[in-house]
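Trainee: So the chains spell out like this:
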Amino acid sequence: MFDLTGRKALVTGATGGLGGAIARALHAQGASVTISGTRRAALDALAGELGERVHVAEANLADKESVEALVPGAEAAMGGLDILVNNAGITKDNLFMRLKDEDWDTVLAVNLTAAFRLSRAAVKGMMRRRFGRVVNISSVVGATGNAGQGNYAASKAGLIGMSKALAAEVASRGITVNAVAPGFIESPMTDALNEKQRGAILGTIPAGRLGTGAEIAAAVVYLASDEAGYVTGHTLHVNGGMAML
Amino acid sequence: MSDIAERVKKIVVEHLGVEAEKVNENANFIDDLGADSLDTVELVMAFEEEFNVEIPDDAAETIVTVGDAIKFLEKNAG
Ligand SMILES: NC(=O)c1ccc[n+]([C@@H]2O[C@H](COP(=O)([O-])OP(=O)(O)OC[C@H]3O[C@@H](n4cnc5c(N)ncnc54)[C@H](OP(=O)(O)O)[C@@H]3O)[C@@H](O)[C@H]2O)c1
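Protein sequence lines, in the order shown, are assigned to chains A and B. Residue 1454 in our numbering is what sits at position 212 of the first sequence, and the numbering runs on without skipping anything. Residue 451 in our numbering is what sits at position 3 of the second sequence, and the numbering runs on without skipping anything.
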């Protein structure tokens, strides 16, 4: 099950914790992957680890031209694109009243506008080939909101609405569009928390632990698979019961 | 009938799965040939591929009948 042999995937934010886990998991299921990020050395290191069936595409998702070159580049490198994972994301947290226009604009640009442009470009070829999988990495915060994250929550809720609208348009062409909404996942950021902070977070998670990148990646693999062909417009929450939606 | 008209009609027949007799120059893709709006986008993509031209969005919006497509391509395809 969930064999992705011959499939061609593009993962943004592959230099990050979750993106790396997603790229590894798609690759392990047999897919070719184009890994994208801004840090060349980190991309090359992951490419070296994966070995075959991997391509590197440096791109700054805050820059329109850089975004627009990404899908054509991945299609040229792999001979098509079947799976697009919009995973790259940033936070610029502040109290709502202190949020600067610039912090709003940058977060929306990288988290939402880039995903829009990449999806628009990718769906063209997917329609032609009558197959496609778009998976947008949202967040539990996109559904529940979170103090200090007005810009981030808006971008993550935006991804969910966008996924549903696009899903409705392209379902008849064999293309599914879904979102994965992680809760608290282990990362360098959560490793830096002290015991007290950690305890407070764990108190909100029925599973009693943080999630792992591999658990997010498994959700992406499922949604990218042939087996998930009838699942579209869905948001798959992977959060240890933190919010049951 | 021009070679371009022949090729356009062939694409329309194949893509929309309609009978060739129905595909005359006055036929409107949506009203007469049962296309939905996504089909019209795909037809434009198919024309672009077949004739190796780029059809900008504002031009694509004016292509609503088979004849519109033939006229556009006769003018713009090499
Ligand atoms: N970790 C969690 O607990 C959690 C929870 C819910 C949702 N999420 C979501 O999951 C996704 C991945 O999170 P993560 O924890 O793996 O974060 P991360 O380790 O900070 O990785 C973020 C990724 O985004 C890329 N990125 C940021 N700005 C970019 C830009 N301007 N252009 C291109 N790439 C850019 C980074 O690439 P470079 O470093 O190469 O610039 C990096 O690969 C994000 O969308 C995040 O919102 C995470």
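Simulated from the structure, these hints should not be mistaken for lab results. We put the beta carbon where it would ideally sit given N, CA and C, even for glycine. Careful, some of the hints might be misleading.
Said to hold, decoys possible - Within a straight-line C-alpha distance of at most 25 angstroms, the following computed PhoX-like cross-link-like pairs (lysine-lysine) qualify:
| # | chain 1 | residue 1 | chain 2 | residue 2 |
| --- | --- | --- | --- | --- |
| 1 | A | LYS1306 | B | LYS458 |
| 2 | B | LYS457 | A | LYS1366 |
| 3 | B | LYS519 | B | LYS470 |
| 4 | B | LYS458 | B | LYS519 |
| 5 | B | LYS457 | B | LYS519 |
| 6 | B | LYS457 | B | LYS523 |
Unchecked claim - A few chain A residues that don't get close to chain B, going by computed Cβ distances all over 10 angstroms:
| # | residue |
| --- | --- |
| 7 | ASP1345 |
| 8 | LYS1366 |
| 9 | GLU1411 |
| 10 | GLU1428 |
| 11 | ARG1451 |
| 12 | GLY1455 |
To be verified - Some residues of chain A that are not near chain B, with every Cβ distance over 12 angstroms (derived):
| # | residue |
| --- | --- |
| 13 | ALA1304 |
| 14 | GLU1344 |
| 15 | MET1369 |
| 16 | GLY1400 |
| 17 | VAL1412 |
| 18 | SER1414 |
| 19 | GLU1469 |
| 20 | LEU1478 |
Trainee: Now tell me if each hint is right for this structure.
Mentor: A quick look at each hint next to the structure:
1. A:LYS1306 - B:LYS458: Given pair A:LYS1306, B:LYS458 is violated - Cα atoms ~37 angstroms apart, limit 25 angstroms.
2. B:LYS457 - A:LYS1366: Given pair B:LYS457, A:LYS1366 holds - Cα atoms ~22 angstroms apart, limit 25 angstroms.
3. B:LYS519 - B:LYS470: holds (18 angstroms)
4. B:LYS458 - B:LYS519: holds (16 angstroms)
5. B:LYS457 - B:LYS519: holds (13 angstroms)
6. B:LYS457 - B:LYS523: holds (17 angstroms)
7. ASP1345: The claim holds: A:ASP1345 sits with its nearest Cβ about 33 angstroms from chain B, beyond 10 angstroms.
8. LYS1366: The assertion about A:LYS1366 is violated, with a minimum of 7 angstroms to chain B.
9. GLU1411: Per Cβ check, A:GLU1411 is inside 10 angstroms of chain B; nearest 6 angstroms; violated.
10. GLU1428: Since the minimum Cβ distance to chain B is about 41 angstroms, A:GLU1428 lies beyond 10 angstroms and the statement holds.
11. ARG1451: holds (44 angstroms)
12. GLY1455: Check passes; 36 angstroms lies beyond 10 angstroms.
13. ALA1304: holds (25 angstroms)
14. GLU1344: holds (31 angstroms)
15. MET1369: The claim is violated: A:MET1369 sits with its nearest Cβ about 6 angstroms from chain B, within 12 angstroms.
16. GLY1400: holds (23 angstroms)
17. VAL1412: Violated: least Cβ distance 7 angstroms, not greater than 12 angstroms.
18. SER1414: violated (7 angstroms)
19. GLU1469: At roughly 25 angstroms from the nearest Cβ of chain B, A:GLU1469 sits farther out than 12 angstroms, so the non-interface label holds.
20. LEU1478: With a cut-off of 12 angstroms, A:LEU1478 remains clear of chain B, as the shortest Cβ separation is near 26 angstroms.
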